[in-house]
Amino acid sequence: LAKTTQPISMDSYEGQEVNITCSHNNIATNDYITWYQQFPSQGPRFIIQGYKTKVTNEVASLFIPADRKSSTLSLPRVSLSDTAVYYCLVGHSGAGSYQLTFGKGTKLSVIP
Amino acid sequence: EAGVTQSPTHLIKTRGQQATLRCSPISGHTSVYWYQQALGLGLQFLLWYDEGEERNRGNFPPRFSGRQFPNYSSELNVNALELEDSALYLCASSLVLGQAKNIQYFGAGTRLSVL
Chain A
1 LAKTTQPISM DSYEGQEVNI TCSHNNIATN DYITWYQQFP SQGPRFIIQG YKTKVTNEVA
61 SLFIPADRKS STLSLPRVSL SDTAVYYCLV GHSGAGSYQL TFGKGTKLSV IP
Chain B
1001 EAGVTQSPTH LIKTRGQQAT LRCSPISGHT SVYWYQQALG LGLQFLLWYD EGEERNRGNF
1061 PPRFSGRQFP NYSSELNVNA LELEDSALYL CASSLVLGQA KNIQYFGAGT RLSVL
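Residue numbers (this note's numbering), protein chains in the order written: chain A, 1 to 112; chain B, 1001 to 1115.
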């Protein structure tokens, strides 16, 4: 399973764009990159998933360079409600098993 | 469309007792996953069920067990409870089996407190 590394915490002011970068140096050819958001005492919520280049949805954008060894989650114009822990995961399947490996995530604090 | 539902929301037990947690997946999803999240820690993978069979389990002792029913709902059983079992237990479900782009959808969790 590819190990992911992301900053432990980040602070941002309301209205700013936030970029959270995740490194996954040993990502495999078939692996996808997925980001989840988790509020305290709640289950993680799927944000976005990508394989390469750029993916955008109504919530965020995901930038993945050609070598796929890192990815950046971009949250446009954050608000206080975006304060949460953000997890970067590299999905892996093989030999009939599949599971998500969550790291410690990045705790984003949005400041008024 | 209803999301993943878990019951109970909170569960209080004493050491040595057994706990049963329940999960109903999103309609049409065949895979159910269980995770443990101790306070302040990340999610640890517990178990994965698909089509009624256990497909994989994480690094947890055998007293953590479960099953999946024909309607794809699932139970997680924790026997001989220990204080360190106190955690948020999360259930997730997914539609596509065994593919790397599989997206898991999580319930709100069951908060288990062992006294």
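Hints in this document: simulated from the structure, not taken from any laboratory.
One or more of the hints may lead you astray.
What the hints assert, rightly or not - Among the chain B residues that face chain A by a calculated CB cut under 8 Å, a handful are:
1. 1064
2. 1090
3. 1102
4. 1104
5. 1105
Stated by the list, open to error - If you want the footprint, here are the derived chain B segments under chain A, 3+ residues with CB under 8 Å:
6. 1042 to 1050
7. 1083 to 1089
A virtual CB, placed ideally from N, CA and C, is assigned to each residue, including glycine.
- Query: In ascending order, which of the hints set out earlier in this document are inconsistent with the structure?
  - Reply: 1, 7
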